[in-house]
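Enquirer: Here are the chains, one letter per residue:
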Amino acid sequence: MRMGIIALALALGLTGMTTSSVLFLSTAPAWAVNPDEVLSDPVLEARAREISKGLRCLVCQNQSIDDSDADLAKDLRIIVRERLTAGDSDAQVIDFVVSRYGDYVLLKPPFKLATLVLWLGPAAIAGTGLIAVVMFFRRRRSGAAQTGAAQQPAAVTTTTTPLSDEENRRIEEILKDGTP
Amino acid sequence: MTAEIGHFALILALLMATVQATLPLIGAHKGYESWMATARPAAVTQFGLVAISFGCLTQLYLTSDFSVLNVVQNSHTAKPLIYKIAGVWANHEGSLLLWVLILSLFGSAVAVFGSNLPPKLRARVLSVQAMIAVGFYLFMLLTSNPFERIFPAPINGQDLNPLLQDPGLAIHPPMLYLGYVGFSMAFSFAIAALIEGRVDAAWARWVRPWTLAAWCFLTGGITLGSWWAYYELGWGGWWFWDPVENASFMPWLAGTALLHSSTVVEKRDTLKGWTILLAIVAFSLSLLGTFLVRSGVLTSVHAFATDPARGVFILALLIIVIGGSLALFAWRAPALVSTGVFQPLSREGALLLNNLIMATATAAVLLGTLYPLLLDAVGGGKVSVGAPFFNAVFIPLMVPMIAAMAVGPMLSWKRADLKPALMRLKVAALAAGAIMIAAWALVTDGPVMGVVGIGLAGWLFAGTCVELADRLRLFKAPLADSLSRLRRTPRAAWGMTLGHLGLAITIAGMTGAGAWRTESIQAMKPSDTVTVAGYTFTFDGASGGKGPNYSITEGTFRVFKDGQPVVTLNPEKRIYMVSKRPTTEAAIHTTFFGDLYAVVGDQDPSGAYVTRLYFNPLVAWMWAGVIIMVTGGCLSLTDRRHRIGAPAKRSVQNAAAQAAGA
Amino acid sequence: MLNRLIYILPLGVFLVMAVYFAIGLTKDPKILPSALLHKPIPEFTLPPIEGGPGNGFSSADLRGKGVSVVNVFASWCVPCRVEHPQITRLAALKVATVYGLSYKDKPKNALKWLRELGDPYAAHGADLKGRVAIDFGVYGIPETFIIDNDGIIRYKYVGPITSARLEKEILPIIKKFSQ
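Quick note, the sequences are listed as chains A, B and C, same order. So for the first sequence, our numbering puts the first residue at -2; every next one is plus one. So for the second sequence, our numbering puts the first residue at 2; every next one is plus one. So for the third sequence, our numbering puts the first residue at 4; every next one is plus one.
There could be a bad hint or two in this list.
Below, simulated DMTMM-like cross-link-like pairs (lysine to aspartate or glutamate); rule was C-alpha separation at most 20 Å, straight line [stated by the list, open to error]:
#1 C:159 - C:46
#2 B:415 - B:270
#3 B:581 - A:66
#4 C:42 - A:92
#5 A:109 - A:92
#6 C:30 - B:308
#7 B:526 - A:100
#8 A:71 - B:270
#9 B:383 - A:66
#10 C:107 - A:68
Note that these hints are calculated values from the structure, not bench results.
Kindly produce the complete structure, drawing on both the sequences and the hints.
Expert: Here it is in structure tokens:
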């Protein structure tokens, strides 16, 4: 029992650590950033790449502006870099784009009322599943407790009297044949 | 004439399927043997007719018959032969024909090889298969006919999208469809079991080969798609959580859960209702994928040319098939009786945990994929759900599951002790720890997830080896004893071992490729040099050339490591003549530790070429791991107990009962 | 009782999803509503097309002078050509001032296009880098904005204006905000 709790705690801790690092995880690497767009300051450039990876290319099918070859994507990449060079924080740059294009431009949906179901959904589903499993075990246990002794023999398939030699021989024959 | 023959064969197939869907089902209900007997010949004939139809369409493509609209839209005389053939299924109408070809193929396989099935079950299974087929035939004949003519016939076609003119992508759809349609067999068995009102170990054993085969194909199909994206799209990405990718991944998750849960039904006679539900869900997700790709409700790089009218038809099909099967489930599943009992901490419990996590993962991916649609439908505005969401939700779910995967096989059935199992896994924990430390030391500025990922992979790999060693009593019994155990190990057990080992290697590959890649983007002139991850790339300039239906700009890189030449890479940029579309062909050199990946782009005004150079660690491990997993699945397929089947077992019970009663 | 309910749950979930799919079929996932709806126009000044008439236009022109329409176009944009007659018609009705935003177009090409098809605009502004368009949230041209007397964006349409859309949506909205 104690081992189980320790194992569970470890698993939860690992999951928690994973979640927080995943939220900042870098996802799809770059493709369409051109050398002429790259900023000379590597820190600013790294920030620009991170921000670009989170912005959707609106004229493509499911790509970030970092990935895409489209004209609009290139314009937005340049704007992101301009604003960073002008001293904006990451949040301000993102806000700049969102105020013009709406939440849709964010590849990671923001956490607000409209997306509550989305973000809390998986946890809710996991919780529901867990409750269902717990109920499953409870029902099984109470069912077994009620029928008690009567239940046990049924799970072990035996007849009450052992087979005679004659019966054993017939079984051997049937098994060998493999036909009913 | 060929088009008309193909069209007519399809209509006949519809009629045959209608017969197959009705007579055997009624026959099974009423006990009319002659009616039940129509199932097998009907299934085989249906397959023959669809094969004729498919053959006709292929012939039209091979001869570039541009009086047929489908050929005009997807082919061109200059296209190489293999892509003329691949063009048959690289479009909406043709791919549907491939779907029904495979559907009827599996149906006829049951008809021909299913002699050990009880007649009533077989009749019902074939009927359900035919019902699905009828839906697809109607869809094709009413809205998506591949044999439509066009008048006047143009001189040449519009060519196939150059991105699709690729060997990997040519077989990606057939493999995926083999997977999707394979799950239709599990679905048919589930429906037949619900109608009959009985699920037992025999049923689980009959279903398993079909589910395994479908799973193997689907795994292969999804991986082919990822592999293609990796070498074709030019930036080394291999998974984007694109809606259509998710549409293939969800049935895979459900199918994996089904494989694990049907083991419990077979061995312990419990979790029946849940397994039936999974079989229905796996195929339903396949159908849902069909809807998402072809109806236009979601934006995706993969989507076929969309048409809401078709969307309406598929939605109706979905409601009938999925709604009908779930209604049948709600009605009949409560009557299924399970006799097995087990403690939460047991092998069944571990399999149940696997199912819980897989089901949550499936639901989470489904939620994320459908959310933009759902929110828009209630007028909540538009949001986009991209890779960051899916990674944030999926990875934390997988971490505990992978951790548990090493422990599960060590637990005994019905009731297990955790402490001894964990003690035996100490070695695995040490191995994982050592790997994590090594990774942290080697890749000093990588993300935390890199170390976690490789540690988990190591834990799973070592844990699976520990379980195997335990089973063989390695180091505990004489070597001869272990070797004889090795020989006697059933193939299904090998399936599990290889499956888990393969997954561990794949996870290691994903960690490397996802977390530790290095990249360098610059403009290079001839004799410029760039260093990436210890490799030196020297650019030797670019030259022009010509392919069968495209023009080429080819760059040359000489790669050195520590002064020693490693390889010469020749990436290409192609422009296809008919569509004027460009594609990039990256040059990839695969080593055990990673891939060297070079891309040549356009020239900038100064005459220098834009080049992108990458080092992608452990990419080959992803593909190798999947091959090992699929090998395990295939091995499991050939396990003896699938061929012996249930009738022998039932007759033993009958004989025992007779003997006892006599 | 709870038992039975659990078995019906999957069917219930599916039917809810089916309803959403049905609604979804009536929508287009690619059309993005404007983030600037009912918000003020961005501050900008656009020069005229080089070599062309007029002095360009700015955000000041869109305030206090009645209802305005800003139409984003380019000579390289095929649907812009298709909608041009409707824009001309709108301008001729004189219910609003119609401005043209020339998006990322070489001056020579833009002027040639206007000469060839006719120039319906009260003034044009040349947005060579497309920055002003981005400030308006433009992502795929042609796009048309209706701006009221106070400089608030009241309507945006992405795509070529058809005669039906002009009559059923654009003219009524212009009328509404002209009062």
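Enquirer: Now tell me, hint by hint, if it's right for this structure.
Expert: Here is what the structure says about each hint:
1. C:159 - C:46: 18 Å, holds
2. B:415 - B:270: Distance ~11 Å between residue 415 (chain B) and residue 270 (chain B) Cα, so the pair holds.
3. B:581 - A:66: Holds, because 16 Å separates the two Cα atoms, which is no more than 20 Å.
4. C:42 - A:92: 15 Å, holds
5. A:109 - A:92: It holds: about 15 Å lies between the C-alpha atoms, which stays within 20 Å.
6. C:30 - B:308: Judged against 20 Å, a Cα distance of about 12 Å means the pair holds.
7. B:526 - A:100: 41 Å, violated
8. A:71 - B:270: Cα-Cα ~60 Å, so violated.
9. B:383 - A:66: Status violated; Cα separation ~24 Å.
10. C:107 - A:68: Since the Cα atoms of residue 107 (chain C) and residue 68 (chain A) sit roughly 10 Å apart, the hinted pair holds (cutoff 20 Å).
Comparing the model with each numbered hint stated earlier shows that hints 7, 8 and 9 do not hold.
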